[in-house]
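**Student:** For reference, the chains in residue letters:
There are 4 protein chains.
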Amino acid sequence: MIKVSILGATGYTGQELARMLCQHPQVEIVGLGTQNYVEQSFAHVYPNFRGVLELPCKGIYDPELITKADVIFLALPHGFSAPLVEKIIEQGKRVIDLGADFRLKSPEIYAEWYKTVGPTKEQLAKAVYGLPEINREKIKTATVIANPGCYPTTIILGLAPLLKQKIIDKNFIIIDSKSGVSGAGRSLNLTSLFCEVNEDFKAYGLPRHRHTPEIEQELGTVAGEEIQVTFTPHLLPMSRGMLSTIYAVLKEPLGFAEIEQLYKEFYKDEPFIRIQPRGEFPHTKWVLGTNYCDIGINVDERTGRITIISVIDNLVKGASGQALQNMNIMYGLDETLGLTRVALYP
Amino acid sequence: MIKVSILGATGYTGQELARMLCQHPQVEIVGLGTQNYVEQSFAHVYPNFRGVLELPCKGIYDPELITKADVIFLALPHGFSAPLVEKIIEQGKRVIDLGADFRLKSPEIYAEWYKTVGPTKEQLAKAVYGLPEINREKIKTATVIANPGCYPTTIILGLAPLLKQKIIDKNFIIIDSKSGVSGAGRSLNLTSLFCEVNEDFKAYGLPRHRHTPEIEQELGTVAGEEIQVTFTPHLLPMSRGMLSTIYAVLKEPLGFAEIEQLYKEFYKDEPFIRIQPRGEFPHTKWVLGTNYCDIGINVDERTGRITIISVIDNLVKGASGQALQNMNIMYGLDETLGLTRVALYP
Amino acid sequence: MIKVSILGATGYTGQELARMLCQHPQVEIVGLGTQNYVEQSFAHVYPNFRGVLELPCKGIYDPELITKADVIFLALPHGFSAPLVEKIIEQGKRVIDLGADFRLKSPEIYAEWYKTVGPTKEQLAKAVYGLPEINREKIKTATVIANPGCYPTTIILGLAPLLKQKIIDKNFIIIDSKSGVSGAGRSLNLTSLFCEVNEDFKAYGLPRHRHTPEIEQELGTVAGEEIQVTFTPHLLPMSRGMLSTIYAVLKEPLGFAEIEQLYKEFYKDEPFIRIQPRGEFPHTKWVLGTNYCDIGINVDERTGRITIISVIDNLVKGASGQALQNMNIMYGLDETLGLTRVALYP
Amino acid sequence: MIKVSILGATGYTGQELARMLCQHPQVEIVGLGTQNYVEQSFAHVYPNFRGVLELPCKGIYDPELITKADVIFLALPHGFSAPLVEKIIEQGKRVIDLGADFRLKSPEIYAEWYKTVGPTKEQLAKAVYGLPEINREKIKTATVIANPGCYPTTIILGLAPLLKQKIIDKNFIIIDSKSGVSGAGRSLNLTSLFCEVNEDFKAYGLPRHRHTPEIEQELGTVAGEEIQVTFTPHLLPMSRGMLSTIYAVLKEPLGFAEIEQLYKEFYKDEPFIRIQPRGEFPHTKWVLGTNYCDIGINVDERTGRITIISVIDNLVKGASGQALQNMNIMYGLDETLGLTRVALYP
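Residue numbers (full-length UniProt numbering), protein chains in the order written: chain G, 1 to 346; chain E, 1 to 346; chain A, 1 to 346; chain Y, 1 to 346.
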């Protein structure tokens, strides 16, 4: 059994990770760290776990959370990870960070966007960007995983085949993304109140959202050249689910069949990527609670433009599910272990 | 492997049953019957199953659905089951009927409430009312299971310990129930349109809802005497979840501790009943997608009244999950196989 | 023009009152008091008012809010009203308090339920309970109006005709109420977060909700004898709307027609009470944004019980609309002025 | 008083129009035409109108609906309008068609997109496209108004100032729109069921939605040259509200201040257009139930791109409110009569 601790277990991503770990046949949860519920039973904080996970929560700096575990998941606000990661790797353990701290390769860009000091260049050098469909080989041997953000996951997976083949104009990429409210976490903000969100829809994070540099960095790596995008996130009046509508310009006239072939080839052995048939476009509900990224393709031969629609569950493939997929890869297990097979519907 | 067919697979309860069977280690789905999607792939009707269950649907009367299977689940509108059940048991197969046809022991009462002819007295005699917490022994050897309705499940599980001990006044039971919309199924009714239900709340089924005779029959069996209740169902603006608030009068003054003890004792070995601690009352979301029935108890010593709050997921413990629990019992398996352990949250 | 100030204008009830005052032909809003948005334009806090109400907010203790106004509305948390009311009446102004402080006639009961000291017996003596259908005459000349709570409004209006006629057993009244989330106001509570409320349903406030003494006090006044009820509030996953399902026992066998006649007579000149025809039961959406209380009646001759279903918009007839109706009465105006005629649908 | 009939009164746009006409001081509703509720009281079909509008519905071809009225509103499915409009203008009455039939100037394009024969070139020539902010003068004297579609309204109002000034690249306009469910009307479609829409989000109408030719025709008219856009509509899990996120490329580097000035100038006397301050972007809820179109502007000097966010209530400015605004213009009345001033919130 792999011994696992979660630091930041009582946030939405933390408890979602706990849900999946509870259904993983080769994992034992040995520690749960929290900032606000120390000494409380996890099932008291989240009664949906009653009878399944009654472990008492510890403070996030309790050393046992690290010493007792083989792998530690961090689901903490940005700014917390660097010192904890140091402690963890010193003890020869592995760490999967669901936060933003280790995603950007440049400490300067991190500081600019997060208005605080993050990990050093040296620390960042140890981290692998944990998007299995792109970095699986590096993940296998990684000690520190920087688990991707939810928006970047939909966008990179949606664009990678086109950028790799250099068949779209890198200077013209427009990304219109929509997210459920759980992406904002469980903290107390006026903008997260039921009555503020319910029956409402808005854009937010303009002029530029924090995920922009992560998106541009990773798209650039895939493309092998610098990429600049226009990215507008929106807030959906629902709890879970994320959809990105991505607009690009084809350099040469290509039809749906060729593009579909390209995607099928690129993702041919991927257990969690589902390319939709011609004329079908994914709903966020098709992936609810699962680790799938469903992708739909529309080629408009009239305008020479392509529209990609990419959906995930922001808490699963966009956070905890991808983290678990990374753990499975790191331990040489079947990548699908512990991950829900079929979305709950309706 | 147990070979299973679902007749009525493309309704909400049918596809929910399929979801759970897909995660059951000892089941193979061999047939899917439908009225509206014959010859279509199941994953085309429900794309959340893409890559998992691509079986083409057959018509509900296709003989292979029975011949190839060991056990057949019926998830059909009332009035369809009687003839199908005949065919199934003739062939020595077992059947679990999620519909209403075999629940009422009297053909006359059935005809009165459903305005059509149902099974005969003889046919009804073969059926066991499939509420495991009450009828587990009979279920083990049953050939025909009448799977309980969703409202009756919350109500019988909520009241059984009190009625068994005869500590409440059988002449004064008020049941105020609230259900999510999925209970109405996937058929096209004006009252099921998003814009009609969303941001709305109403009572329905007054003066008397079809589940009333089922509730009174089964409560009467538990109590060993005739029971008459006042039952008012309401429609919640949400997809899944059911909560019943049950009001009764204590014959003698009892405190919370004694009542709690009574419930804990009554349900002591039950894997799917969770009695809440004093002062805590269950939310429907705590059981979302799971087979739990969570029960909260409030004793008002001021008035000598007791309030029981009982919640389930109407599509799981209220339908498909209970059906699967019954199958597990019929085959001597661990009752929890194939059933989701932890509710998806948030 | 009547000059009006709102103290607590930036809460949900405050801004709802502002909305209606903006459409009132004989009112001028001269002051808006707030705790958190001092000096900000009201339209900045609530952009739905942009171009209509751009007045800057003042602190709630700014004397101008009182001196400039003829009537002052208080929409503040409990505990704030007593001293303000003193100041207001000293200056010969009239006040309508939407809070709880002046509703209970006994300072002791207030202290017991609100865990703080409220108005004195003398101060309370000056206040009229502002339920027009019951106290219209007193309201006309009142200086201080204690505007009723939302739950009590649905319940008193639903039961008054039966209690007045003494045709139900006063010892057996069960009230099962359901409210939208806006009733909890705009304050930051974990239980008001979108992800906590959305797709969930629960009972709350057990064992006894704060509105219980107000309900029992006013029902007792109508009945002319002491009344004790069982009252259970629930939280609906929607923003607005409240429905109470009220169960009582008829002392003598009466049919629907007689009961309907009784209600029609009792409410014959009321502009905001709509008795539904036999077999129809009101939806919360039928009254959205309006000051109506719609009432449905079900007489179960089988059990000799009566079920009353009473719905309002908790922010309108349950708060701000009723407050405005009271103001119209106090100034001898048409009671319907400024109040929306038709609910927004869907 | 202006005498008004509504043909198609029992659809969502029809009843929404009725709601606003009931609060219009100079209108009398003399006729209501319906396909499915003939002879029923309007308040029986929509109980939110009980006590306000109890008129019995007639069949849509009842001649009295035209003879008794001065102006007739058509809120019918496409294909119904042409013959009715003929009858209406023959009798010297005026007509406002909320349907699509008279919007496209070319019968061929209409036939291509709606797969049926529409009005003739001659009939179309009589119709004015009823977008007041663009065509007010023509509307004043029009006999036949083609009321704009909801998507085109958000898009044309969002882009008009930029196209008029020719400061954006007409070859690169991307429009990502999101609509509430009420836009689909009240008809029985699987895709409109609560359980299908709730907690889900998807793109639809791909590869090309019916509103595309209307959008391109009217943008072309404003620009004075042919315009081709990429337009992707999406379905929001909410009843009302529409938001379009519009992406364009600035031909020359302009800052926010200049663009804002341009919009303020272009819309300076418009009662229903609200340009948001720098850094603020409209929510759909800010206009709920009102006739406003709120517009937010983001200029990204890094990329030389501009993003316009335009929101309306799809049933008001996107349909019935705009129709009423047109009527007010046709009769020389204050344009705001009968239209709700402040959005219901929350």
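If you are wondering where the hints come from, they were derived from the structure by calculation, not from laboratory data.
Hints may contain errors.
Which copy is meant is left open, because identical chains are indistinguishable; a pair holds if it fits in one copy or across any two.
[Stated by the list, open to error] Below, a list of computed lysine to aspartate or glutamate pairs in the EDC-like style, where the Cα atoms sit at most 20 Å apart:
#	residue 1	residue 2
1	68	122
2	140	226
3	166	133
4	87	108
5	87	54
6	264	54
7	105	216
**Student:** Next, verify each hint and record whether it holds.
**Tutor:** Hints and how they fare:
1. 68 / 122: neither (27 Å within a copy, 62 Å between copies)
2. 140 / 226: neither (27 Å within a copy, 54 Å between copies)
3. 166 / 133: Cα proximity of residue 166 and residue 133: one copy only (18 Å, versus 44 Å across).
4. 87 / 108: Classified as neither: same-chain Cα gap 23 Å, cross-chain 58 Å, threshold 20 Å.
5. 87 / 54: Answer is neither: 27 Å inside a copy and 48 Å across each miss the 20 Å cutoff.
6. 264 / 54: between (43 Å within a copy, 18 Å between copies)
7. 105 / 216: within (12 Å within a copy, 44 Å between copies)
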